[in-house]
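Colleague: So the chains spell out like this:
2 protein chains.
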Amino acid sequence: MNLLLLSDEHFLSPTTASISGYQFQHLKQVHKAEIGDTVKVGRINGNIGEGKIIEIHADHALMDLHLSITPPQPIPITLILALPRPKMLKRILQTIATIGVKHVFLINSYRVEKSYWHSPLLHEDKIRENLILGLEQGIDTILPVITTKKRFKPFVEDELPAISENSRVIVGHPKASVPCPQNLTEPVTLIIGPEGGFIPYEIDLLCANGAESFNLGPRILRVEQAIPALVYRLLADQALSIG
Amino acid sequence: MNLLLLSDEHFLSPTTASISGYQFQHLKQVHKAEIGDTVKVGRINGNIGEGKIIEIHADHALMDLHLSITPPQPIPITLILALPRPKMLKRILQTIATIGVKHVFLINSYRVEKSYWHSPLLHEDKIRENLILGLEQGIDTILPVITTKKRFKPFVEDELPAISENSRVIVGHPKASVPCPQNLTEPVTLIIGPEGGFIPYEIDLLCANGAESFNLGPRILRVEQAIPALVYRLLADQALSIG
Chain A
78 MNLLLLSDEH FLSPTTASIS GYQFQHLKQV HKAEIGDTVK VGRINGNIGE
128 GKIIEIHADH ALMDLHLSIT PPQPIPITLI LALPRPKMLK RILQTIATIG
178 VKHVFLINSY RVEKSYWHSP LLHEDKIREN LILGLEQGID TILPVITTKK
228 RFKPFVEDEL PAISENSRVI VGHPKASVPC PQNLTEPVTL IIGPEGGFIP
278 YEIDLLCANG AESFNLGPRI LRVEQAIPAL VYRLLADQAL SIG
Chain B
78 MNLLLLSDEH FLSPTTASIS GYQFQHLKQV HKAEIGDTVK VGRINGNIGE
128 GKIIEIHADH ALMDLHLSIT PPQPIPITLI LALPRPKMLK RILQTIATIG
178 VKHVFLINSY RVEKSYWHSP LLHEDKIREN LILGLEQGID TILPVITTKK
228 RFKPFVEDEL PAISENSRVI VGHPKASVPC PQNLTEPVTL IIGPEGGFIP
278 YEIDLLCANG AESFNLGPRI LRVEQAIPAL VYRLLADQAL SIG
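Heads up: the sequence lines are chains A and B, in that order.
In this text, residue positions in the first sequence follow the working numbering: the first is 78, and each later residue adds one.
In this text, residue positions in the second sequence follow the working numbering: the first is 78, and each later residue adds one.
You may find that some hints are simply not true.
In the DSS-like style, the derived pairs of lysine-lysine whose C-alpha atoms are separated by at most 30 Å in a straight line are [as the list claims (entries may be wrong)]:
| hint | chain 1 | residue 1 | chain 2 | residue 2 |
| --- | --- | --- | --- | --- |
| 1 | A | Lys164 | A | Lys179 |
| 2 | B | Lys129 | B | Lys117 |
| 3 | A | Lys252 | B | Lys179 |
| 4 | A | Lys129 | B | Lys117 |
Computed Cβ-Cβ distance ranges for the label pairs, DEER-style [what the hints assert, rightly or not]:
| hint | chain 1 | residue 1 | chain 2 | residue 2 | range |
| --- | --- | --- | --- | --- | --- |
| 5 | A | Pro258 | B | Pro256 | 42 to 48 Å |
| 6 | B | Asn260 | A | Ser90 | 26 to 32 Å |
| 7 | B | Arg162 | A | Ser196 | 22 to 28 Å |
| 8 | A | Glu86 | B | Lys230 | 30 to 36 Å |
| 9 | A | His134 | B | His137 | 58 to 64 Å |
| 10 | B | Gly320 | A | Pro163 | 32 to 38 Å |
| 11 | B | Glu206 | A | His137 | 39 to 45 Å |
| 12 | A | Lys117 | B | Lys227 | 52 to 58 Å |
| 13 | B | Arg162 | A | Pro163 | 20 to 26 Å |
| 14 | B | Pro295 | A | Glu190 | 34 to 40 Å |
| 15 | A | His108 | B | Pro295 | 55 to 61 Å |
| 16 | A | Glu242 | B | Asn260 | 26 to 32 Å |
| 17 | A | Glu127 | B | Gly123 | 54 to 60 Å |
Don't read these hints as lab results, they were simulated from the structure.
Where is the CB? At the ideal position from N, CA and C, for every residue including glycine.
Starting from the given sequences, assemble the full structure and let the hints guide the process.
Modeller: In structure tokens:
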């Protein structure tokens, strides 16, 4: 945790917050925090700054906050992801938040098993919990917006064109002959398939609706590896706030 | 598992292998394999090809093998990594193998806790097990070589210059003002610090021994995210066999 990310319910006043739960445990056990210490703090969808510990109790601490730094610029990528296996979803949500992607559609695909849609990890509060963990790692405050779409064809035909308007739409596909683009500065809609990949019908439908397919070399990465690999390969320095 | 990776002990003859353990379970449960089916198979440090199932027993199967395809070209990166927390090490070893890095040094650093060096995951057979899982994901056969170095200063001063000879030596450092290089075709020695980063003394010593520091933007990635992000950002298409 590189940032303690607070939501509205933590705030007792605009400059005072009460920290409990895993964040309080982290303060005590990792930071060995004592009264007077300061830690990096952010407010969900707000600023970043410092929190000074003013009281420590058995199960919570009080902090004085000074939040004056704006969070890093979002990554200009909308991510469309075939719903991952529940086991992977948690880490993938954290990765998305850490990297700075703010708009994500979890979609159906032939190789997405129906049972994945019933995972408790898709409950709103579980999604939020993992996004917050990811933001705390990446030192950001802006919660990504995760939308689920359970029908592939209507999504691609009826919604993708509007979602991806004014962006470069690309889909990873091991059999594509075009190499992954680089140094992009314009907005990107990045589509990543399920384990085993999209089936040819799905690739064809995506390409008929504005997507270009590309390859990332012979190695098949896991989704949680492919997301950082693709985001950092596709974008120019300025889009990643590098340098 | 995108490849069934076999070691010498699986081979009954140069073209016949016996599959048991988790690989047999995967064949039965995921591939629902039957006699006559073929699956993608590789031999550790050898070729890739097809295995045809010729017998299925209670706890093993026999395969006829035809291995004629050479594995993908290694990634021209030597990775020097501050020893990660045991909890992360397993996934990091898998990631390294999946991505195609073949030479890794796990080193000490001020922020590496002493207890990490006693993790059972550092036992040779556990390292090998996780590397094989990573290679099976990435469809590769060449086992990475993992070396541990428990003393930072002697490693950097006495060994790094020889290890990194004829390569570009770079170290990720959030405070560096130089952006992460791109499109490299020459060999790279990539140095990644622990959670919390290298301390200034360590960065200085690395830079005094040939390393350049660079930044990857404001977001702090986990090591298992930083490895794919950096490898795919640093290298040119040809070094990644893309296109």
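Colleague: Hint compliance check: list the failing hint numbers for this structure, sorted ascending.
Modeller: 4, 5, 6, 8, 12, 15
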